[in-house]
Every structure is written in C-alpha cells, then in structure tokens.
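Chemist: Each chain, letter by letter, is given below.
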Amino acid sequence: MTDDPNALLVAERISKRFGPTQALDDVSVAMRAGEVHALMGENGAGKSTLGKVIAGLHKQDQGAVRVGGRELKPGSLDDAFNAGVRIVHQELAQCHNLSVAENLCLHDIPCTRRGTIDREAMRTRARRLVHTLEPSIDVERELGRLSPGHRQICQIAAALDEEARPGAEPARVIVFDEPTSSLSIAETERLLQIVRDLAASGLTIIYVSHRMSEIFACCDRVTVLRDGKFVATSNVADITEPDLVEQMIGRRLQTPGGGERSPGGEAAALRGLGGENGHAAGPQDAPPRLEVEGISSPGKVAGVSFSVRPGEVLGIGGLVGAGRSELLDAIFAVDARASGRVRVDGFEVDRSSPRGMIRAGAGYVPEDRRQQGLFFNLSVAENIVVPFMRRLARAAGVRRIGAEREMVTTRIEDFRVKAASARSLPGELSGGNQQKLLIARWMHENAKVLLLDEPTRGVDIGAKSEIYKLIHKAAAGGAAVVLVSSEMPELLALSDRVLVMGEGEVRGELTGEAMTQSNILTLATRDGAAV
Amino acid sequence: MTDGAPESPKPSPGARRAVTRLAGAQEAGLLLVIALMVTALTMFGGTKTVYKPVDIAPGSTIEIFDADGAVHAPGTLPGRLIARVVVTAPDGTAREHAAPVRYTESGGVASVLVERRVNKFLEKENITLVLKDASFFAVMAVGMTAVIILAGIDLSVGSIFAFAAILGALVLNRMGSDLSLVVLGMDLTGLAGVLVGLGVCVGVGALCGAANGVMTVGLRVHPFVITLGMMAALRGLTIIIPQAVSGEQSISGFPPGFQSGFFKREIMGVYPVPIVIMVLIAIAGWFVLSRTVLGRRVYAIGGNEIAAKYAGIPVGRVKVIVFTLMGALAGLSACMAIGYLGAAETSAGAAYELEVIAAAVIGGASLMGGRGSALGAVLGAVVIKLIGNSMIIFDIDQSWNQVVMGGAIIVAVVIDQTKARLSPG
Numbered sequence: 001m002t003d004d005p006n007a008l009l010v011a012e013r014i015s016k017r018f019g020p021t022q023a024l025d026d027v028s029v030a031m032r033a034g035e036v037h038a039l040m041g042e043n044g045a046g047k048s049t050l051g052k053v054i055a056g057l058h059k060q061d062q063g064a065v066r067v068g069g070r071e072l073k074p075g076s077l078d079d080a081f082n083a084g085v086r087i088v089h090q091e092l093a094q095c096h097n098l099s100v101a102e103n104l105c106l107h108d109i110p111c112t113r114r115g116t117i118d119r120e121a122m123r124t125r126a127r128r129l130v131h132t133l134e135p136s137i138d139v140e141r142e143l144g145r146l147s148p149g150h151r152q153i154c155q156i157a158a159a160l161d162e163e164a165r166p167g168a169e170p171a172r173v174i175v176f177d178e179p180t181s182s183l184s185i186a187e188t189e190r191l192l193q194i195v196r197d198l199a200a201s202g203l204t205i206i207y208v209s210h211r212m213s214e215i216f217a218c219c220d221r222v223t224v225l226r227d228g229k230f231v232a233t234s235n236v237a238d239i240t241e242p243d244l245v246e247q248m249i250g251r252r253l254q255t256p257g258g259g260e261r262s263p264g265g266e267a268a269a270l271r272g273l274g275g276e277n278g279h280a281a282g283p284q285d286a287p288p289r290l291e292v293e294g295i296s297s298p299g300k301v302a303g304v305s306f307s308v309r310p311g312e313v314l315g316i317g318g319l320v321g322a323g324r325s326e327l328l329d330a331i332f333a334v335d336a337r338a339s340g341r342v343r344v345d346g347f348e349v350d351r352s353s354p355r356g357m358i359r360a361g362a363g364y365v366p367e368d369r370r371q372q373g374l375f376f377n378l379s380v381a382e383n384i385v386v387p388f389m390r391r392l393a394r395a396a397g398v399r400r401i402g403a404e405r406e407m408v409t410t411r412i413e414d415f416r417v418k419a420a421s422a423r424s425l426p427g428e429l430s431g432g433n434q435q436k437l438l439i440a441r442w443m444h445e446n447a448k449v450l451l452l453d454e455p456t457r458g459v460d461i462g463a464k465s466e467i468y469k470l471i472h473k474a475a476a477g478g479a480a481v482v483l484v485s486s487e488m489p490e491l492l493a494l495s496d497r498v499l500v501m502g503e504g505e506v507r508g509e510l511t512g513e514a515m516t517q518s519n520i521l522t523l524a525t526r527d528g529a530a531v
Numbered sequence: 001m002t003d004g005a006p007e008s009p010k011p012s013p014g015a016r017r018a019v020t021r022l023a024g025a026q027e028a029g030l031l032l033v034i035a036l037m038v039t040a041l042t043m044f045g046g047t048k049t050v051y052k053p054v055d056i057a058p059g060s061t062i063e064i065f066d067a068d069g070a071v072h073a074p075g076t077l078p079g080r081l082i083a084r085v086v087v088t089a090p091d092g093t094a095r096e097h098a099a100p101v102r103y104t105e106s107g108g109v110a111s112v113l114v115e116r117r118v119n120k121f122l123e124k125e126n127i128t129l130v131l132k133d134a135s136f137f138a139v140m141a142v143g144m145t146a147v148i149i150l151a152g153i154d155l156s157v158g159s160i161f162a163f164a165a166i167l168g169a170l171v172l173n174r175m176g177s178d179l180s181l182v183v184l185g186m187d188l189t190g191l192a193g194v195l196v197g198l199g200v201c202v203g204v205g206a207l208c209g210a211a212n213g214v215m216t217v218g219l220r221v222h223p224f225v226i227t228l229g230m231m232a233a234l235r236g237l238t239i240i241i242p243q244a245v246s247g248e249q250s251i252s253g254f255p256p257g258f259q260s261g262f263f264k265r266e267i268m269g270v271y272p273v274p275i276v277i278m279v280l281i282a283i284a285g286w287f288v289l290s291r292t293v294l295g296r297r298v299y300a301i302g303g304n305e306i307a308a309k310y311a312g313i314p315v316g317r318v319k320v321i322v323f324t325l326m327g328a329l330a331g332l333s334a335c336m337a338i339g340y341l342g343a344a345e346t347s348a349g350a351a352y353e354l355e356v357i358a359a360a361v362i363g364g365a366s367l368m369g370g371r372g373s374a375l376g377a378v379l380g381a382v383v384i385k386l387i388g389n390s391m392i393i394f395d396i397d398q399s400w401n402q403v404v405m406g407g408a409i410i411v412a413v414v415i416d417q418t419k420a421r422l423s424p425g
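Chains as they are written, first to last, in the numbering used here: chain A, 1 to 531; chain B, 1 to 425.
Among the clues, some could well be false.
Per label pair, the in silico range of CB-to-CB distance [stated by the list, open to error]:
1) B/Ala351 / A/Ile109: 41 to 47 angstroms
2) A/Thr124 / B/Leu228: 26 to 32 angstroms
3) B/Ile127 / A/Arg394: 35 to 41 angstroms
4) B/Gln417 / A/Asp61: 23 to 29 angstroms
Partial list, computed: chain B residues near chain A (C-beta under 7 angstroms) [what the hints assert, rightly or not]:
5) Val109
6) Arg291
7) Thr292
8) Leu294
9) Gly303
10) Asn304
11) Ala307
12) Lys309
13) Tyr310
14) Ala311
15) Gly312
16) Val315
17) Gly316
18) Gly370
19) Arg371
Note that these hints are calculated values from the structure, not bench results.
Since we're looking at a predicted model, the values are computed, not measured.
A virtual CB, placed ideally from N, CA and C, is assigned to each residue, including glycine.
Let the hints inform the model, and build the full structure from the sequences given.
Modeler: Dropping the structure here:
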C-alpha cells in the first residue's frame with residue numbers, strides 16, 4: 001500500500017520500541033494530499049506514537065518517513081517542520097502567561113527601528129493568522145485565559161503560519177493528536193469543520209483519535225493499529241462501526257438487538273461492552289438515598305436540587321462549561337465556597353470538608369485522574385486506602401497495615417486492576433487501569449453515593465466495558481450514582497434519568513422515551529432566560 | 001497516562017523490580033557513600049600521636065629512670081629524658097613502661113602517660129565528635145524532610161534554633177548553677193533542669209513552627225516567603241530579648257544536671273547523649289512518616305495536593321502539624337546544643353537552615369515534594385559532617401568544606417533525578 005501513486009506522505013516499515021514495549025512494529029501507511037486520514041486504535045495501540053514519529057517528536061528505531069519523496073531525518077522536529085509537517089498537540093509548549101499575539105510571534109518578534117517590540121505589527125500578524133480560523137479570538141488576551149478550544153485554534157494558526165521559519169515549506173501535513181479530548185461539544189464541532197476545510201484546501205490531515213463519531217464525521221480514510229501493528233486501512237465510507245471496533249480489539253463483540261433510546265451504531269457497540277443499563281433501579285417508592293437541596297457556588301452552580309434513589313443512575317448532561325463538574329465539586333464539599341444541603345439516607349451531611357461526605361459513604365471520581373485523583377508517589381495499595389486510613393488506624397493514628405492490606409487485596413481483585421503488585425506505582429499502570437484504581441478507591445461495600453465525572457475518559461474500549469460493569473454493580477448494590485459524561489451514547493445507555501445543565505442551572509430532566517441525544521442538546525443549548 | 005500522551009513504555013517485571021529496588025535504595029546508597037568515606041579516611045587519614053594514661057592502682061610507687069639507669073624523683077626529670085618508668089602496685093606487681101613515656105601531676109594525682117600512635121579518623125573521640133556535630137543538624141533535618149515531602153520549605157530553622165536556645169538559656173540561667181531540688185528524698189535537680197530546658201526550647205520552637213504553618217495555610221502564601229520573613233524576625237528578637245533582659249550576647253550558667261548531668265554526660269570517655277537522641281529521632285521520624293496516618297498524608301499531599309483534597313485529607317491541618325513538628329525539632333536541637341556547649345549565643349544557628357536543607361536533600365528528599373525519608377536525612381547530615389571532618393583529617397583549608405559540600409548537594413540531586421527518570425511514573 002505504500003506504493004500508492006497519490007501518496008504525499010509515506011511512513012514505511014516503522015518500528016519503535018520504548019524499553020521492553022514494542023510501540024510500533026513494522027508499520028507502513030501512506031497519506032494522500034487533501035485527505036483526512038485517521039489513525040485509530042485502543043490506548044497503547046501505537047496510533048499516537050506513529051503520529052509523533054511522523055512529526056519528528058519521536059525517533060523511530062527502523063523505517064523511514066518520506067514527504068513528497070524526500071526522506072525526513074528521523075526524530076528531527078526541525079527537519080519535519082522544514083518539509084511542511086506540523087503537529088497540533090495538547091502537550092506542545094504554549095506560553096499561557098503571554099498574549100495570543102506574543103505566542104504566535106514568539107519565533108520572530110517584530111521590532112521597531114529602535115529595537116523595541118512593534119506591538120502593532122505583532123497584533124496585525126496574529127490577527128491575520130488567527131482570524132481566518134476564528135474571528136472572535138482577541139489576540140491581545142493572555143493565552144491562558146482562552147478556552148481550550150480557542151487555545152487549540154491558536155496552535156493550528158501557528159502551524160499554518162507560512163512565515164514561521166525562513167526556508168521552511170508551508171504546511172503540507174498536519175498531525176492532530178487527540179485534538180478533541182479537552183474540548184466541548186461546540187468546540188469539537190468547530191474543530192471538525194476546520195479540519196475539513198484544511199483538507200479541502202489540499203492539506204493532508206493525520207487525525208489521531210479513538211472517538212468513533214469524529215472519525216465518521218470528518219475522516220476520509222482510517223488506518224487501524226493494534227498492539228503496535230498495522231491492521232488495515234479503509235475508506236470510511238466503506239466501513240461500519242462494528243467493523244472498526246472489531247479491527248481495533250481483534251474480535252467481534254456480540255451486539256444484541258437495538259433499543260429505541262440508543263441512537264446510532266456507537267450505542268449499539270456500547271451495549272455489547274456492557275454499556276446497556278444492566279441494573280434494575282430500585283423501586284420507585286424507595287426513600288431517596290441522596291438528596292441535594294439548593295446547591296450553589298458563586299459563579300459556577302446556581303441552586304441545584306435533585307434526589308437519587310438507591311440503585312439509580314442519574315446522568316448529568318450538558319455542554320462543557322455548564323457547571324457539571326463544578327456541581328459535583330460542590331456536592332462533595334471540595335468547593336469550600338459552595339452552599340446548600342446534602343442528605344444521605346435522610347441524614348444531613350456535614351459539608352465543611354469532603355470528610356463529611358466520605359464518612360457518610362460517598363465517593364467521588366473526579367474528571368482528571370492525574371490532577372485530581374491519583375498520588376503518583378504512593379503505591380497502588382495506598383492510593384486505594386488513603387481516604388480510609390484514619391478509620392482503619394489504631395489510636396493516635398498508627399496504621400493498621402494488616403487491615404489496610406486486606407481492604408486493598410480484595411478490591412484490586414474485584415476491580416481487576418492490573419498491576420504487577422499492590423506496591424507498584426500508579427504510573428506503571430495503563431490509563432484504563434489507573435481509572436479502575438480510582439473507582440476501586442471509592443466503590444467499597446458500604447458505598448452509598450458515587451459521583452462519577454467522565455469515568456471513561458481516555459480509557460480504551462476494553463477498560464470502558466469493565467467500568468460500565470462496575471457502575472452497574474455499584475447501582476445493583478444499592479448505591480445512588482451520579483454520572484457526568486460528555487459521551488452522549490454512554491450517558492444515555494447508563495443513566496435511568498438525565499438532568500440537563502446549562503450555565504450552572506438545571507435546564508430540565510429527561511426520563512424514558514424523552515432521553516435522546518437531541519433532547520439533551522436542545523435543553524443544554526437553550527437560552528437560560530427562556531426557561 | 002492521559003490519552004494524548006505517548007504509549008507508555010512498560011518495563012518488564014524484572015527490570016521494573018530492579019529499578020524500584022534502586023529507587024528505594026536511597027539510604028543504601030548513602031550508607032555505601034558513608035562506608036567509602038570511612039574506609040578512605042581510615043586508610044589515608046594517617047595517624048597522630050596521643051599520650052594515654054596507664055592505670056595506676058592507688059598506693060602504687062612510681063620510679064623514674066633516665067637513660068643511664070639513674071633514679072629521679074617524680075616530676076624532676078624533663079619528659080624527653082625519661083627512659084623508663086616502673087610502677088609498682090601495693091601488692092608488689094611491677095610494670096615497666098619504656099620511652100616514650102611522660103609523667104605528670106595534677107591536683108596531687110600522679111599519672112603516667114605512654115605514647116600511642118592512633119588512627120586520626122578511626123578513633124573514639126573523633127567519631128563521636130563527627131556524630132555529635134551531625135546530631136544537631138540531623139534532628140532538624142528529619143523535620144525538614146517532612147516539610148520538603150509536603151513540597152514546602154522552612155528557611156527559619158536556624159533562627160528558631162537560636163531563638164529557642166536563647167530563651168531556654170535565659171530560663172536555665174535563672175534556675176542557676178547551684179539549683180537544688182530534693183523531693184521525698186530523691187534528688188530531682190538534674191531532672192528538673194533537663195525538663196525545664198526541654199520544655200522551654202521545644203515549646204518555643206513548636207510555637208514558632210506553628211506560626212509558620214498557620215500563616216502559610218491561612219494566608220495561602222508559599223512557605224518560602226513566610227519562613228524567610230520568620231527567619232529575619234526571629235533573628236532580630238534573638239538579639240533584642242537578651243539585651244533587654246541581661247545585656248549579654250552570650251548566656252551561660254546552667255544547672256549542672258542539665259549539662260554534665262545529661263546533654264554532656266560523659267560515658268566511657270565520650271559524650272554520647274546527642275548521638276542517642278539523633279538515633280531516637282531518626283527512628284521516630286521513620287515511624288511517623290511510614291507507619292502513621294499523618295505520615296502517609298504528608299506524602300499524599302506532597303505527591304498531589306489537589307488529589308489529597310479530593311480524597312478528604314485535611315491538607316491545612318497536616319501542614320500546620322508538620323511545620324509545628326519542624327519547629328519543635330529545631331527547639332530540641334537548640335536544647336541539645338546549649339546543654340552540650342554550656343552556653344547560648346545570639347549568633348547561634350546562623351546559616352543552619354542551608355545545612356539542614358542540604359542534609360534532607362542529600363538524604364533523598366525531593367524539593368518537588370512527595371519523596372524523602374527520615375533515615376536518609378540523618379545519613380545526609382552525617383555525610384555533610386564527614387566531609388567537614390575529612391578536611392581536618394587531611395589538613396585541608398576549612399574553606400574547602402563549603403565547596404565540597406556544595407558539590408555533594410548537586411551530585412546528590414542529579415543522581416536522584418536520574419533515578420526518577422529511570423523509574424516508571
């Protein structure tokens with residue numbers, strides 16, 4: 001396939017090893033000019049590594065990357081840049097303390113004759129670059145104050161800058177590495193539009209993602225990798241989601257018949273993974289397990305009230321920025337400025353700190369497991385036991401190691417956290433296992449309330465199905481689950497009811513037949529004043 | 001591993017175990033360094049001449065002979081002319097000591113000294129001197145390690161040390177050197193001195209530390225700034241207070257039970273109490289950091305403060321406790337120092353903070369937070385003092401001490417970071 005006559009960029013027989021892990025194993029792929037070419041696969045499949053090898057961020061052990069017939073120097077970001085290959089990547093350096101204009105001109109700051117910075121020239125140039133993509137960005141704002149979507153647009157603008165470096169080819173290939181992982185729905189839409197426009201103007205786009213909907217929305221061809229090996233390249237028009245899933249995981253999932261409230265094939269795939277509502281919500285007349293009354297936090301959440309019965313999964317829908325994570329923070333009393341009342345099993349919870357909620361049997365898996373969840377300097381075992389250490393300890397806070405070990409061993413087994421040992425560090429675990437570890441921390445036998453924020457973000461498809469099963473298990477055990485998810489099919493498949501939020505308020509509640517993607521979006525995007 | 005990150009290299013179990021073992025072996029590495037230094041100092045440090053007294057039973061007769069065999073009255077012959085000395089015990093057993101040998105009398109007690117060549121380094125007095133010097137810093141370094149694990153820093157330890165020392169000295173000085181306290185027939189004079197000294201020094205230190213902690217947490221200012229301010233303010237008070245009270249820069253005259261009775265008690269020819277305290281604090285530090293809830297919370301906060309908040313850890317309270325303990329240990333160290341030295345000076349403890357931080361860092365504490373150990377801190381302090389001692393042993397200008405110590409800090413941190421890169425996560 002690398003002898004494709006239309007190919008602009010060819011990666012030939014690429015191998016790359018990280019320590020004992022073969023990240024890429026003899027992978028060949030060819031990209032044509034003007035196409036959006038997706039690289040897909042589970043976490044660890046090598047899709048991101050391949051993207052980075054192409055852009056010169058990683059140096060391959062074997063194989064070559066050629067652009068327009070010229071072979072790139074392996075592992076040289078500069079050489080790739082000069083050949084017109086750019087990468088748009090979350091972790092790529094941007095100076096959040098500088099303005100948009102300064103960021104865009106960092107490589108060549110325009111100066112006046114006196115040697116001072118020519119601010120006007122800088123602004124003009126920045127505007128020219130950014131406003132073709134997004135006219136609403138104020139180039140004088142500090143970059144850190146922009147939304148993630150706008151920051152990313154600035155990065156794309158920088159990638160398209162033809163004067164970025166003297167002698168460099170203008171952009172011909174742009175690698176997008178998981179571009180939507182921190183974007184809202186609206187921002188994602190906008191990004192996909194930009195990607196399509198760029199391809200239409202003749203650029204080759206390499207789109208690294210594991211989000212089905214995006215692949216089908218904007219890509220022309222898709223190459224699937226599995227365990228570092230090439231599986232197949234297909235035209236997106238000729239392939240179905242179940243086929244792609246099969247290529248990604250190497251086996252076909254059993255997909256039971258469709259249900260009316262699950263739109264599209266992705267939900268069907270989810271059901272195969274255990275995403276279907278596989279638990280029975282408690283009786284309708286059971287007293288509520290969790291009651292939330294008038295929870296507010298200045299500027300974030302405005303007077304949210306709801307209640308959840310034992311065994312019920314309450315989904316919280318809404319766009320990014322609607323205040324969903326902020327609501328969970330407020331309920332769990334992580335947000336010290338939040339006000340309102342929370343009752344668990346009818347008892348008022350002391351909300352001066354998260355300890356009251358934890359004592360009442362609540363657990364909270366926050367959105368960002370690296371920033372908010374895990375301790376990377378503590379062992380897997382300690383990561384689970386940390387919130388309960390005091391309760392298990394003897395007087396004067398001396399740890400009861402035996403009791404801790406007992407608690408941890410059963411949970412690591414029950415939750416199938418794959419770690420070399422309980423003493424491993426979380427950094428040695430895959431993303432999915434890190435997430436399971438965090439869920440295992442909170443999902444103990446006596447868990448009454450679980451707050452889950454994007455519990456499957458950034459985990460592979462296998463871990464996803466296990467996490468779904470865990471959620472069902474917790475609900476079946478009588479816990480009240482509050483689930484925030486930006487993945488619409490997941491939200492719909494797991495929830496018994498969905499509360500839709502917008503601008504920190506509850507915009508509406510959907511149950512039964514009314515729980516559809518379009519209803520959620522309608523409520524979420526409705527003007528707050530009209531409600 | 002977030003989704004956008006590179007597919008993480010996953011070491012095989014064997015390699016991982018090896019790396020983990022290495023990473024966990026900060027103390028082992030330090031012990032190795034100490035062993036190497038001790039070996040080198042012993043082998044290449046050379047010897048020196050000392051005169052050691054021989055045992056003389058009471059009532060012995062002492063005969064002194066010159067090179068010609070003539071007998072001289074004790075004390076009349078210059079030492080270099082003495083050829084041999086014969087000591088005859090009352091039971092008739094005679095022992096002869098050949099030159100080089102010396103005879104002295106002090107306070108009516110005669111003693112015969114024989115010359116011995118001893119290893120400059122590996123000698124009881126030198127070793128205890130090194131360990132004693134280390135102990136004052138090591139005790140503080142244990143607290144500093146906890147502060148650094150929290151991703152904090154305490155620059156005020158030297159000033160707290162001086163402040164606690166001066167206040168402790170003022171109180172002990174009031175108790176006086178002729179204090180006597182007998183309760184129910186038991187002489188509690190010594191105990192009272194020790195308890196009062198400890199109480200004042202440790203109490204003052206703990207209060208200063210608590211102030212650091214409360215301000216850091218309450219005002220949400222980085223501890224660097226708070227403790228920098230505290231360092232200057234306490235140094236000022238350390239000079240002002242004794243001036244106002246007694247007008248002296250140096251305060252001495254403590255109850256003997258406090259000094260020779262405890263902190264400078266002679267046991268088998270050496271003064272081991274500060275060293276024993278250092279060992280006890282090392283053990284206590286290890287226990288608190290690894291076997292108590294507080295200790296693990298310290299690591300958790302240092303590893304990820306936001307996650308600690310989400311896990312219900314009382315972050316502010318833990319910080320205040322740790323800073324308080326740090327202050328208390330600085331007070332304890334001050335108490336050990338004035339008890340050993342018999343005086344407190346307003347200039348005490350200057351620049352100690354740097355040496356204490358250095359000990360913690362050499363001992364494996366990461367200034368990024370989340371890593372460090374109490375035992376490492378103590379060994380770090382010993383390494384620093386060994387460096388100082390080697391300057392003396394090898395007759396190198398003391399100023400080089402600073403240069404070598406600076407190098408040691410940088411090397412320790414570089415090794416540490418290399419290890420962190422090798423280990424997963």
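Chemist: Does the Cβ distance between glutamine 417 of chain B and aspartate 61 of chain A fall inside 23 to 29 angstroms?
Modeler: Cβ of glutamine 417 of chain B to Cβ of aspartate 61 of chain A: about 26 angstroms, so the range 23 to 29 angstroms holds.
Chemist: With a cut-off of 7 angstroms on the beta carbons, see whether arginine 291 of chain B makes it to chain A.
Modeler: Arginine 291 of chain B check passes; min Cβ-Cβ to chain A is 5 angstroms, inside 7 angstroms.
Chemist: Close enough to count: is the Cβ of alanine 311 of chain B nearer than 7 angstroms to one in chain A?
Modeler: Given a least distance of 5 angstroms, the restraint on alanine 311 of chain B holds.
Chemist: Once the shortest beta carbon distance from threonine 292 of chain B to chain A is found, is it less than 7 angstroms?
Modeler: Interface hint status for threonine 292 of chain B: holds (5 angstroms vs cutoff 7 angstroms).
Chemist: Have a go at the tyrosine 310 of chain B hint: is there a Cβ in chain A nearer than 7 angstroms to its own Cβ?
Modeler: The hint holds - tyrosine 310 of chain B has a Cβ within 7 angstroms of chain A, the shortest such distance being about 5 angstroms.
Chemist: For the hint on glycine 316 of chain B, does the least C-beta distance to chain A fall short of 7 angstroms?
Modeler: violated, 9 angstroms
Chemist: How about glycine 303 of chain B: closest beta carbon in chain A under 7 angstroms, or not?
Modeler: holds, 4 angstroms
Chemist: Can we keep the glycine 312 of chain B interface hint, with Cβ of chain A closer than 7 angstroms?
Modeler: OK, holds: glycine 312 of chain B within 7 angstroms of chain A, min 4 angstroms.
Chemist: Would you check whether alanine 307 of chain B satisfies its interface hint, that is, whether its CB is within less than 7 angstroms of any CB in chain A?
Modeler: holds, 5 angstroms
Chemist: Should the interface hint for lysine 309 of chain B be scored as holding, given a Cβ-Cβ cut-off of 7 angstroms against chain A?
Modeler: With Cβ-Cβ at 6 angstroms, under 7 angstroms, it holds.
Chemist: How about asparagine 304 of chain B: closest beta carbon in chain A under 7 angstroms, or not?
Modeler: Asparagine 304 of chain B check passes; min Cβ-Cβ to chain A is 5 angstroms, inside 7 angstroms.
Chemist: Check the following: the C-beta atoms of threonine 124 of chain A and leucine 228 of chain B are separated by a distance inside 26 to 32 angstroms.
Modeler: violated, 45 angstroms
Violated hints for the displayed structure, listed by number in ascending order: 2, 5, 16, 17.
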